[in-house]
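S.K.: Following the hints, position chain S against chain H.
Number of protein chains: 2
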Amino acid sequence: MNESTLKTNLFTIAAALILCACATQPSSSIGSPLILAKQGSFFVGGRDVQSDSLSLLSAYSSSGTVTVDQVYVRYQVPVEAKRAPIVFIHGCCLTGKTWETTPDGRMGWDEYFLRRGYPVYVVDQAWRGRSASNIAAINQVKSGKAPIDQLPTVFAAGHEPAWAIFRFGPEYPKVFPGMKFPLEAQTEFWKQMVPDWLNSLPAPNPTVTALSTLAQQVGGAVLVSHSQSGIYPFLTAAIDTKGIAGIVSIEPGACPAATGDMTPYAKMPVLVLFGDYVDLSTRWAPRLKACREFVAAVSHAGGKAELVVLPDIGIHGNSHMLMQDTNSLEIADWLIAWMDRAISK
Amino acid sequence: MNESTLKTNLFTIAAALILCACATQPSSSIGSPLILAKQGSFFVGGRDVQSDSLSLLSAYSSSGTVTVDQVYVRYQVPVEAKRAPIVFIHGCCLTGKTWETTPDGRMGWDEYFLRRGYPVYVVDQAWRGRSASNIAAINQVKSGKAPIDQLPTVFAAGHEPAWAIFRFGPEYPKVFPGMKFPLEAQTEFWKQMVPDWLNSLPAPNPTVTALSTLAQQVGGAVLVSHSQSGIYPFLTAAIDTKGIAGIVSIEPGACPAATGDMTPYAKMPVLVLFGDYVDLSTRWAPRLKACREFVAAVSHAGGKAELVVLPDIGIHGNSHMLMQDTNSLEIADWLIAWMDRAISK
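Chains H and S supply the protein sequences, listed in that same order.
Heads up: the first sequence at position 79 corresponds to 113 in my numbering, and the numbers run straight through without jumps.
Heads up: the second sequence at position 67 corresponds to 101 in my numbering, and the numbers run straight through without jumps.
I should point out that these hints are in silico values taken from the structure, not numbers from a laboratory.
Keep in mind that this is a model prediction, so the values were computed, not measured.
Keep in mind that a hint or two might mislead.
What the hints assert, rightly or not - Sample of chain H residues facing chain S (criterion: CB under 7 Å; computed from the structure):
1) I64
2) L68
3) L70
4) A71
5) F77
6) V100
7) T135
8) G192
9) P195
10) A198
11) P229
Unchecked claim - SDA-like mimics (lysine to any residue), calculated; alpha carbons at most 25 Å apart, straight line:
12) H/K176 <-> H/S85
13) H/K208 <-> S/D82
14) S/K179 <-> H/Q174
15) H/K72 <-> S/G65
16) H/K179 <-> S/K176
17) H/K338 <-> H/R117
18) S/K116 <-> H/S66
19) H/K116 <-> H/W368
20) H/K276 <-> H/R317
21) H/K72 <-> S/L363
22) H/K72 <-> S/V113
23) H/K179 <-> S/T187
24) H/K208 <-> H/I182
25) S/K72 <-> H/V113
26) S/K72 <-> H/A180
27) S/K116 <-> S/G74
28) S/K179 <-> H/K338
29) H/K72 <-> S/K338
30) S/K179 <-> S/L314
31) H/K176 <-> H/S87
32) S/K72 <-> S/D367
33) S/K208 <-> S/L314
34) S/K179 <-> H/A180
35) S/K338 <-> S/D374
Stated by the list, open to error - Non-contacting residues of chain H with respect to chain S, defined by C-beta distances greater than 10 Å in every case (computed):
36) G74
37) A118
38) G142
39) D158
40) A196
In this text, a Cβ means the ideal position worked out from N, Cα and C, and glycines have one as well.
Bound conformation, chain H alone (with noise of 0.2 Å):
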């Protein structure tokens, strides 16, 4: 082979091995374009109901069934799918879009997860976002079928008592010294929040029930939640383990109680995480406190639980909604290097 012709060889071989590099990897980089083998949206759980107060409108028939109680499940499942399928769970006044692109319009954990191998689920919670809620007895009640104290329990967070409870500042509008949350956007974050339904919804919470088929469904799932949503993942394990390969339960409203049974939370990897600020809140604060003796509870049984509260590990500054703190992508890095260690493959 002349020196001609090796250069040749070698420039081809190189344009090949790039070619190659970007036609199977290019997901993981954020600027890279994103690789996915499916993509897709379906439901879980639901019912049907009858009802003659369906509406009060001549154009729609007052009689008939409707379904409730399903849950929406959007997900994207990446061409080198390398870790566990990851279920999002919002929180509060919220729907699926919380892990979608951040107020201020970087990637959200839904495509960044996805861009670091891992199967993406994101869910509405039942009655919430496309998840349908049943609105019969509002009619009811304005045709006089029924009684006022009949109306359903659903109320919204306004921006000024919200911004304590996402902790962006010990009141409206006050911020805490080093806020992460990009607060420049936060016309962009009030419309991401949504009516509440949660207690309207009946007992069992269907959306628990719903993520206990899911898991089975997808199988070896890590379930991630989120403030409201932060203990449906511990409800799900009690209601059957199979399908769930590990618990994320991030600033949860609440944990389990520590006194109760620890068995299903023993059989799997526990997570709880904390962001900044929360021994200034009163709300927070006790929540953190019942939360590490939950995970006291689930060692002292045998079980493989963590808490751990951001700032301990030298990440500040982060609000309630740290999936949307502009170091959110830093704290994604941290969760798979914790997932990697501890959730088997």
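M.R.: Here is chain S on its own, set in the frame of chain H:
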């Protein structure tokens, strides 16, 4: 170059070409990986509303500001976007889910058009799905601050009455002969349906205002609407034709009155598309007739408007939900050919 070197060179060049093809064009085939340049979600529109009736629960403040009337948008852009962006707008009692995976698990139009080179934007109408409704009036009535008649107007379409509206058959549970809707998967379809708050919306309809913003933001968009939203692209064009490259109105609940000002619609390609069995429906036959008159009026005003009833071009058996019928991709192909002819790229 000797023969062996030549062979090596040809081999590496061929390998590079194969990888190149793999990296840039696999999305067009249904079974192959889907390659996205980018994806994400955001909101358009929205307004802040103050209320003292956001909550009747002690855990959440009754007073504060909520943002309502915004429209949720999820988008995906293929690596080789070669056609105009499409905005998909769903109909009554449904959400953006309409365009995703079909009830029987086939690829939805959202992904199919993406694979054919269109950037795709899927919205949830205002007060529907991930777009927040305003529930303050419910709490005002429940707390005695407002009379019962101030309750919002909301309805849910029951399976049985919806059956004839969606033209699965003349009446529940009769089926039109040759029906292409996947009725064996109807339980999954019923789960797509959500309560409809349209009649509680302020005027002008914030979905329409938001669509105008979105069209101008995206630029050169084809607005593809369905049923209840059938007229929205026309109302959007009446606000401003800027950003709108064309209108495809599928089975519109109404077309603009033929006696009105046709100027906005004469400026862009317009397609009104109906499925099968229309003349067998007392609900839909008059709407088809009125749309024919509208399209004639646009043409008379010098526009390029067409009305197509699928059986007239040899495609039979389509319901009102033709984007989910078993021949949905055949219709998509026909629509793509229409857009390629009608809409300048």
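S.K.: Checking against the hints above, which ones are violated?
M.R.: As far as the earlier hints go, 1, 10, 20, 24, 26, 28, 29, 30, 36, 38, 39 and 40 are violated by this structure, in ascending order.
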